[in-house]
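S.K.: Spelled out, the chains give:
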Amino acid sequence: MNHGLILPVLLPMFAGCLLLCAARLSLRATRAVSLAATALLLPLSFWLMAQADQGVLQVYALGDWQPPFGIILLLDRLSALMLVVTAVLAFFALLYAVRGDDQRGRSFHALFQFQLMGINGAFLTGDLFNLFVFFEILLIASYSLLLHGGGPARVRAGLHYVVLNLVGSAFFLLAVGVLYGITGTLNMADLALRVAAADADQAPLLGAAGLLLLVVFGLKAAFLPLYFWLPKAYASASAPVAALFAIMTKIGLYSILRVYTLIFGEDAGSLANMAEDWLWPLALLTIGCGAIGALAASSLQRLLAYLMLVSVGTLLAGIALGTPPALAAALFYLIHSTWICAGLFLLADLIARQRGVKSAELVQGPELQNPYLLGGLFFIGAIAVAGLPPLSGFIGKLLLLRAVEPGLQALLLWPVLLVGGLATLIALSRAGSMLFWRVGQSQLDSAELDHGRLLACVGLLALSPLLVGMAAPLLEYVEATVSQLQELQPYRQILLPGGAR
Amino acid sequence: MEALFAVALGILSGSGVYLLLRGRTFPVVMGLTLISYAVNLFLFAMGRLQTGVATVIGQSDGYADPLPQALVLTAIVIGFAMTAFVVVLALRSVGEMHTDHVDGRESAR
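Here the protein sequences come in this chain order: W and L.
Numbering follows the working numbering, in which position 272 of the first sequence is assigned residue number 272; successive positions increment by one, without gaps.
Numbering follows the working numbering, in which position 30 of the second sequence is assigned residue number 30; successive positions increment by one, without gaps.
Hints are computed from structural coordinates only; laboratory data are not their basis.
In this text, all values refer to a predicted model and were calculated from it rather than measured experimentally.
Careful, some of the hints might be misleading.
[Said to hold, decoys possible] For the chain L half of the interface with chain W, some residues (derived, Cβ under 7 Å), not all of them:
no., residue
1, Leu32
2, Val39
3, Leu71
Each residue gets a CB set at the ideal place from its N, CA and C atoms; glycine is no exception.
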């Protein structure tokens, strides 16, 4: 048994507990512990990715209780990829936070670590109830992180976010209850077997439970009827928190991908691929709503939150298409959109700091102190996020457009994606010309550009050209990921005696 | 017993949903609590409703499934923590915005 599998959960947990217990620790020491724990996740997740890339499913049975009776952690290429995306994102977000943002409220670092624990756990677990528990861990940490810094706007957005997610948790429990009541198991691989073997009279109930799960994951992923909490929450969160939250919608998308390929996948009999019919129209409508929201946004953060929505829609379209090239394109786009949106949130904060009371509102404001540096970064980030060549967004979108076969689906996806991209571009250029060109004569001398913050922001945005440079090996990896996801036999072998070593 | 149980669940969740859709934070919190009660009872019932059977095989004629009981215990603990959090948040929102409306401002009438 490979004990490395549980380290991405244990490391943040112990770091978080230490930071909570040692509240009297000096600020320097707190930051050092938090940064060290987050930085350690980087080599750890890359090591796990290398292990997963050997193509063998790694199973960690907690307490050596064999599945389906015990809870297992499951490492395949998909979860390893998500761990790497999280670790890189968290490192840069924390790098930004230690330059002062962590001082605006209490226990920032402990909460940050618990959030990481929940996220990593959600990516690793192979048990549906365990997924619920990790969801709750990451949610309760995110509630507090969202409120970090205080102020009426955050409390208002926080209240909506908390209440909605509590309702989501109730739905999750209902779905889990129904699935357990019918199949008698909560292990995902075992559930896949039982759902495939379900009687005709059990299928409707299982389908209802599956669609309830879709609502829950949809609330996390924020697609069309369930996204209304997102713009307000992301726009009011402090910058490092908003950057970390870039992964939150992806957790919902990951869960959709996991549950609807494994449990309700190809082999699920009458319930096979039942989510795809729902996801396809919702994905296109989400792109549309995101683009309209971006055009109408009144502040840069709000604009970015809507761009996040566009990326969710794009990813969802890839998942709904369900073909191997479309899924591979979606996974590539997922990496890109998580990192670049987070980088742009950090950049928006850097810009807002130089505009005094105008903050990042899209109105005429004072001249920036570093217009060329920040403007250049904004230009690069905008190109990447809008999907123009030569940066990574272009490759992701191009792959997705090429993955759809000629026909009705292409007729819908091409215009929606391309017009959505155009709307994104218009919104971003409008915001850019307002922020950098339509400025007054005066300059605020209060805010210096902090080099640590700048480094974190540039680091995240620089990942976009890096993604282009690494595109060939990365695409190979995501294609292998997709073929592993669609090959269900290895997942079933977990359940055989000796399957979990 | 099943019918009574089902009716109780229906009333609990119906009242919960009604309260959840109210405009003030206190009824919303009460609604969330009622819904989480209903959900916990539902989870509990997924081990099938039986009386007078032990959760250990061989102690009585049948046996009650212990797993839903464990699940519901976890769900209760988590739900309790979440309710405490949302109560504190609701109080904070009254303090910050001087109104207990969920949108943080009175609706214009």
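S.K.: All hints are to be evaluated individually against the structure, with a verdict given for each.
M.R.: Cross-check of the supplied hints:
1. Leu32: holds, 5 Å
2. Val39: holds, 5 Å
3. Leu71: The hint holds - leucine 71 of chain L has a Cβ within 7 Å of chain W, the shortest such distance being about 6 Å.
Checked against the numbered hints given earlier, this structure breaks none of them.
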